[in-house]
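Using the sequences and the hints given, assemble the complete structure.
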Amino acid sequence: MAQTGEPVEKNKANSDYKPAFEGQTRIGSVKTKTPYAATLISSELKNPWGIHALPDGRLLISGKPGTMQIVSTNGKILKNITGFPAVQFEGQGGLLDINIDPDFTRNRMVYWSYAQPGDGATLAVAKGKLSADETKLEDVKVIFEASPRYKGSGQFGSRIVFDKNGDLFVSSGDRSSKDIRVKAQDLSATTGKIIHITKDGKPVADNPFIGKADAKPEVYALGIRNPDGLSINPVTGDLWECEFGPRGGDEINLIKPGANYGWPFVTYGIEYSGEKVYDGIQQKEGTVQPVYYWDPVISPGCMMFYTGNIAEWKNNLFVGALSGTHIIRLVIENNKVVGEERLLADKNERWRCIAPGKDGAIYAATDNGNLYR
Numbered sequence: 006m007a008q009t010g011e012p013v014e015k016n017k018a019n020s021d022y023k024p025a026f027e028g029q030t031r032i033g034s035v036k037t038k039t040p041y042a043a044t045l046i047s048s049e050l051k052n053p054w055g056i057h058a059l060p061d062g063r064l065l066i067s068g069k070p071g072t073m074q075i076v077s078t079n080g081k082i083l084k085n086i087t088g089f090p091a092v093q094f095e096g097q098g099g100l101l102d103i104n105i106d107p108d109f110t111r112n113r114m115v116y117w118s119y120a121q122p123g124d125g126a127t128l129a130v131a132k133g134k135l136s137a138d139e140t141k142l143e144d145v146k147v148i149f150e151a152s153p154r155y156k157g158s159g160q161f162g163s164r165i166v167f168d169k170n171g172d173l174f175v176s177s178g179d180r181s182s183k184d185i186r187v188k189a190q191d192l193s194a195t196t197g198k199i200i201h202i203t204k205d206g207k208p209v210a211d212n213p214f215i216g217k218a219d220a221k222p223e224v225y226a227l228g229i230r231n232p233d234g235l236s237i238n239p240v241t242g243d244l245w246e247c248e249f250g251p252r253g254g255d256e257i258n259l260i261k262p263g264a265n266y267g268w269p270f271v272t273y274g275i276e277y278s279g280e281k282v283y284d285g286i287q288q289k290e291g292t293v294q295p296v297y298y299w300d301p302v303i304s305p306g307c308m309m310f311y312t313g314n315i316a317e318w319k320n321n322l323f324v325g326a327l328s329g330t331h332i333i334r335l336v337i338e339n340n341k342v343v344g345e346e347r348l349l350a351d352k353n354e355r356w357r358c359i360a361p362g363k364d365g366a367i368y369a370a371t372d373n374g375n376l377y378r
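Just so we're aligned, residue 6 is where the sequence shown starts under our numbering, counting upward by one.
Keep in mind the hints are simulated off the structure, nothing from the lab.
Glycine included, every Cβ here is placed at the ideal spot set by N, Cα and C.
When the alpha-carbon atoms are kept at most 25 Å apart in a straight line, the in silico DSS-like pairs for lysine-lysine are as follows:
hint	residue 1	residue 2
1	Lys169	Lys261
2	Lys134	Lys146
3	Lys134	Lys169
4	Lys81	Lys352
5	Lys81	Lys51
6	Lys38	Lys341
7	Lys363	Lys169
Quick list of the computed label-pair ranges, beta carbon to beta carbon:
hint	residue 1	residue 2	range
8	Asn85	Lys15	41 to 49 Å
9	Pro12	Ile286	21 to 29 Å
10	Pro12	Asn170	35 to 43 Å
11	Pro70	Ser152	19 to 27 Å
12	Glu276	Ser193	22 to 30 Å
13	Asp284	Asn16	21 to 29 Å
14	Ser193	Glu11	43 to 51 Å
15	Asn85	Pro122	18 to 26 Å
16	Glu27	Thr241	20 to 28 Å
This is the structure in structure tokens:
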């Protein structure tokens, strides 16, 4: 068990809700003993949203306005990539996450999520082959479109990760507004869900709702609000997710097939108006509790498990906080959070995306275009 001090969160909570179990929120603090440094390597990115390391160590970075770039580990922009479909760059929409095929060295396939314009925007996932000169995407195909479409620009999600079989997990936001967010509990919709699809966009064969009447077969888990973080534990293979609450109730969830995470009827947050969300319920039979939550919010915009060379960070979960303006380190033992540390608060940055480098470093980018190593 980690040796902890007083909780790092000192501010008053938005609600008087009580956690379901000890250690679910305001866990004791830990402090890194190993010396480390955060170096600003670029200030030239445009609203970066996703980072993924290429096999040779260079970084593939998506930008919300509709940019895709290859960047060196020293921060130099090496390539600008074109060829992807138009994005709806409005509100929380734009070009979102980016990832590469596990077999990228052979097939050169890139995958990305984005807000797809149309008669009501929606979250979409596409794939394309990176050209030999690394300047464009070829044979582009849209493999997933969330439904229903909605005339709004809020809460698309979304992150993309590959499982051990090479299939994709995609986090899909609830689209924010009261008239659509209830679809997070509707299995005939793919908003407010964790999606599990093959590289061709087909439902994975053992998805939990296949064969259930009126259920979308792509759905893996439901009751999700705005999930901007998704990561697979490299030791256990478990899928972890982070999502924004409303006022309070930012969550870390351990995602299981068929599980219901409760939103919008079960939450540790309250409405922005200060009212309860529906009946103000935090626990309900048939729903899964978050592993951890924050109140007040820190706005978790991204997450990753650490696989580098600092021993005391090994397999810790790092979460980029937007409104919190820090990077959180969570120590996890037996799928429970046992310690929390807040790093780089002195930078006063909104941490949007974070990823492990091939060199063992952490690369993190901020809303205002800064890239740190």
